[in-house]
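K.L.:
Protein sequences appear in the order of chains A and B.
So for the first sequence, our numbering puts the first residue at 1; every next one is plus one.
So for the second sequence, our numbering puts the first residue at 1001; every next one is plus one.
Simulated from the structure, these hints should not be mistaken for lab results.
The structure displayed is predicted, hence computed values, not measured ones.
Where is the CB? At the ideal position from N, CA and C, for every residue including glycine.
Do not take every clue at face value.
To be verified - Derived list of chain B stretches under chain A, where covered just means 3 residues or more per stretch with a C-beta under 8 Å from a C-beta of chain A:
(1) 1067-1076
(2) 1079-1092
(3) 1100-1111
Unchecked claim - With the Cβ distance kept under 7 Å, some of the chain A side facing chain B (calculated, not the full set):
(4) F206
(5) A210
(6) R217
Listed below, chain by chain, are the residues.
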Amino acid sequence: MTTVDEASTTVGRRGFDARRVAIRHGWTIGVYVLLVLLVIGYAWALAPVAFTSFDLGSIVIGALPLVFAAMAQSVIVISGGIDLSLGVMVAVINVIAASLMEHQSFATSLLIAFGLMVVGVVIGAINGGLVVLTGVPDIVVTLAMSFVWGGVALVIMRTPGGGAPNAFQSLGTGTFISAWIPSGAVIIALVLAAAWLPLRWRRPGFAIFAIGSNRDRAYLSGVNVAQTRVMAYAIGGFFAAMGGLAATATTGIGTPYAGNFITLNSVAAVVLGGVSLAGGKGGVVGPVAAALCLTLVPSIMVFQGIDPNYGQVIQGALIVVVVMIGGLLLLRERS
Amino acid sequence: MPFLEVQNVAKRYGPVVALKSADLVVEPGEVHALLGANGAGKSTLVKILTGVIRHDSGTITVDGKPVRIGSPEGARKVGFAPVFQDPAMLPDLTVAQNLRLTRTDIGATREWLDRMELTVDLTEMTADLPLPTLRMLDLARALARDPQLLMLDEITAALPSDLAEKVFAVMREWRDRGRSVLFISHRLAEVTANCDRASVLRDGRTVGTLVPKSGEEEKIVELMLGTTRSELAESIGADSGGEATVVEATAPKVAVGEPQLEVRNLVVGDDADGISFELRAGEILGVAALEGQGQDLLFDYLAGQRRPSGGEMVVAGRPFSPRTPFEAIRSGVVLVPADRMLALLPQRPIRENIASPLYNRVSRWGPINRRDETRRVQKAIDALSIDTRAQRQARRLSGGNQQKLTIARWLAAGFTTMLCFDPTRGIDVGTKRQIYALLRELAEAGAAVLLFTSELPEIQLVCDRTIVVYRGAVTGEMPASEADEPALLKAAHGLGKVEAAA
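The following block holds chain B by itself, in its conformation from the complex:
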């Protein structure tokens, strides 16, 4: 009898379906991997199993008995011990206090730490400990509960390889004890080396369970991909009419083809050499990466939200090291974030949202030139065909229109380089199509566009060229024509040419 059986589990958030129908069977004495591309529903399923959220329909059976997991505490009661993606210990308590808070046996935790040859002072404040130690503490705490099922969500992402080896040793031991492990990782090599079976999620459905073997990573990748590419391409329509017209303010004075942005050895992750690439005016360069490979830092550095620890950035031939977003914007580098609420003033009218970057100009002391503002705003609205019926408050717009608003702001203000971080996340296909057309038009007008997307088919639809980032290094660079999903995913999993090094 399997220890855990998940059948037809579904979850929706309002109109967004996060999980359509997930199935999962975990036997006692096995290490089971849960795989899927970004947005396939892995984290939703994990949240359901750990009691963070509740599923809408479907059944979860533990040891043959149907269960309802209502809370993290409930998950522990049925014998699950999760190690979450982010450290779970409270920063303002000592380690020992954290253990007592969760009613964990301190002796047992210490024993596990000893067996993993880790010495941690339990009276230390959690906030003072380095991230890898916190991950290992979370693991030791989970083990101390002696769970039937150990759930490890991306635990190796923040670990150096010596500690990762210790995690794998623990997983094997757990299997030998007749217990189960659910292992979630983006690193296929880890899965083939350590897991007995793997279930693959795609678009919120379980599409298969297989035995992962070394050398057959590409088979798994194919299963993760399925037919999404053709469906998406069909719904988008690779060519588009392009009713959008770019405002003259956006047309940069740079001739097409000159390097607009150069990044040299920028350190964004484990890799000390960092990433290097060049973005030309009039070009859309894609950045493909799985979650947490350093792409967030890359965009943060370029947008002036954080300062890099190593490497150089050059904009239009001049060294570029913005200390604040204000400085980046002044140099013509603007950001369209995935989280629209980071860019919008939700309580304010559309007009003010679009005009807000105009107020930044230091040269514009004195009253705001309403006429000029109205002209620019209207042009941007027309260019993007923003639905302006909900004039008064930006938060009343649909997600797609909100995203258009975040782009429209820069159209009105003018820029040379646009950084788009997953700009089509959670918006409808029609709006997506308009945004693709708009980005293309911006590029044709001479702008440089850097586009990170979690939907890999978009790379071929929108970009001219793409780089693939894996663990803080560029593992692939290819023209869009070659950047089909298998090629991208292979590089994004660090397979291919870098595999030899690992």
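Pulled out of the complex, with its shape left as it was, chain A reads as follows:
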């Protein structure tokens, strides 16, 4: 046969391939470019007041709980699920932390924080377990659970209150080494590096992408689908707990009813961050920047003296336009 088959002539292993990196991570890079543009827009909106390290810090502080919620939602959506109770979980952890940590020492607060991380994992695993065991769609189970946890948050704390020691708060609001490095950013980086990346590049991470990509093929590849789904929800629960602790550290109090706002924004951040709602595609790093973008837009509006409600409109329009561009690019790629 003289047919030269594409298959047999593919070039062997290549070195660093800038073009492929750009294609594979193009979306994430784009989101970070958008973030830089928005920060510049923020500085411009502040004028004539100068943009200082304090402003950078407050951007991170304002976004921190949502960033963690977006990380949580990413992992779950990549696995082919969705968790509509994430925001409420953030609120539950937030109020528990604020009520337990009030008048406690820093050391005790840290202990409580670790305990609550475990609680987050357990709550997440319960969500995942219910989805797997009942076979009811993820969206239904987690919506129902959001009412449960929402009620629990209000039982624990009827109105915003509680507190946390200053040292604990400075974990979220302080700076690290330089005044230009907000400690919140350091914590995001640490959590990513310690809790997600090791999984991402090992079999458990591949399994999460696999079940989101094609559940039947994942099963045929020997993946324990049920266990992996529960694991994705549990990881999500851990990140949600981090979000709740971040809310306690950045605000110094517990707020029982911030939940649903965070849930919806976490889904928006996931979509904007390049994760496919169909599962299997994307990452956690993109949605982190997307969450920051989503918090910046209303702030810029406020500084410009525009009705914050328009901020919502612009935020929504931004998501639609960006996602639409993504869809168009995908269509072009296919044809």
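The hints should help you fit chain B onto chain A, whose structure is shown.
P.N.:
Same frame as chain A, but now just chain B:
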């Protein structure tokens, strides 16, 4: 001692018996072929052996020890490595990640790729690789597990011949190492050239094991056929009373005998010249083919579900290139799919299901004419004698009645050409008979009917004429009187006149 011994394995899905009693013995150091016509139970047996489904009864013995294969992982543990019909790698992971996911030795996989002289970048996303490469990767991955038994299910179907040769070389090497290969293929020439023994399944039973020799393909075909033809013909009754009456709306205005549908050089597979045929008004033209020879694409193109890459279609003398099913239906070309759920609104009542194509007409803005609708629907129901006791939801109907519903929709709406893709799949004999009679009556009323069927005896029972498609080309055309099963199967395996070219 044989490596693998399968005895009396059976599997049923509800009332449908997929496998009655399968037997299979694979010795170490042999390449064993598993053969059978469509629906004989091959894929069910393969699914059982690979742990995708569990058998109901019978025993599977590996190396003298009885085993229960509960999962794909379990199949690997007893030394089986399957290469499935469809690529098994996950599209959103790189090749290397896929290998790590399945705990496959990457070095060993690379070694096998090198030996087959394939260079694949393992850091490439699986979704970006062409299909033949994916097949070869699946093979290399299976080999890297160093299995006792390599199972290849239709692996050559998507491969160009140079790569297929590499697969055969690997099979021979595996045999020389004293290991076993189970080879499943529709291509008899490949089986006679590469296999030591072959087991033949028919109607869910193993009917024999033989040594396949070149030139004796027809013997194998006979074994695959058995007595099914006479049994089926008997149960159906070639002539039928025909209580059905065709609704006037279906009667086309075309005089019988004019070409209604012409297909010229339509590319549906490997063959660059594609397939060509003519379908006349008042005629039922059969399409006979084994699985995956391009018949799905042919029907998809005609029904407007996909656009062909090459070739022409002509309907009633006018060029026909529908971009959507809507356009096809507007030109009078309608589809009755094998999967009824693609055609029905399962949650909705019978009446709405039948009336649904009526709502398509752009000229019918405004309220739906209930009277007219009721009249048309009732006529279609009467014509097909649909059991209407389960009025409320189409999904509560039996399979046969559901299939009638998919035809009834077009009776109410009117059409000129009906494409039937395996319309009798999985329905009972009585209903089959009614559907045959109905198709005949539609043709007598002037409709053109194109019928693909996986049950070859149906060709003679229903059609006037048939074409046989093999690897995207027409390898036979004959009047129904000559289209007995041996003739059809021979052509469907690409034997006969095209054999010289291969």
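K.L.:
With reference to the structure, classify each hint as holding or not holding.
P.N.:
Going through the hints against the structure:
no.: 1; hint: 1067-1076; in the structure: holds (count 4)
no.: 2; hint: 1079-1092; in the structure: holds (count 6)
no.: 3; hint: 1100-1111; in the structure: holds (count 4)
no.: 4; hint: F206; in the structure: holds (4 Å)
no.: 5; hint: A210; in the structure: holds (5 Å)
no.: 6; hint: R217; in the structure: holds (5 Å)
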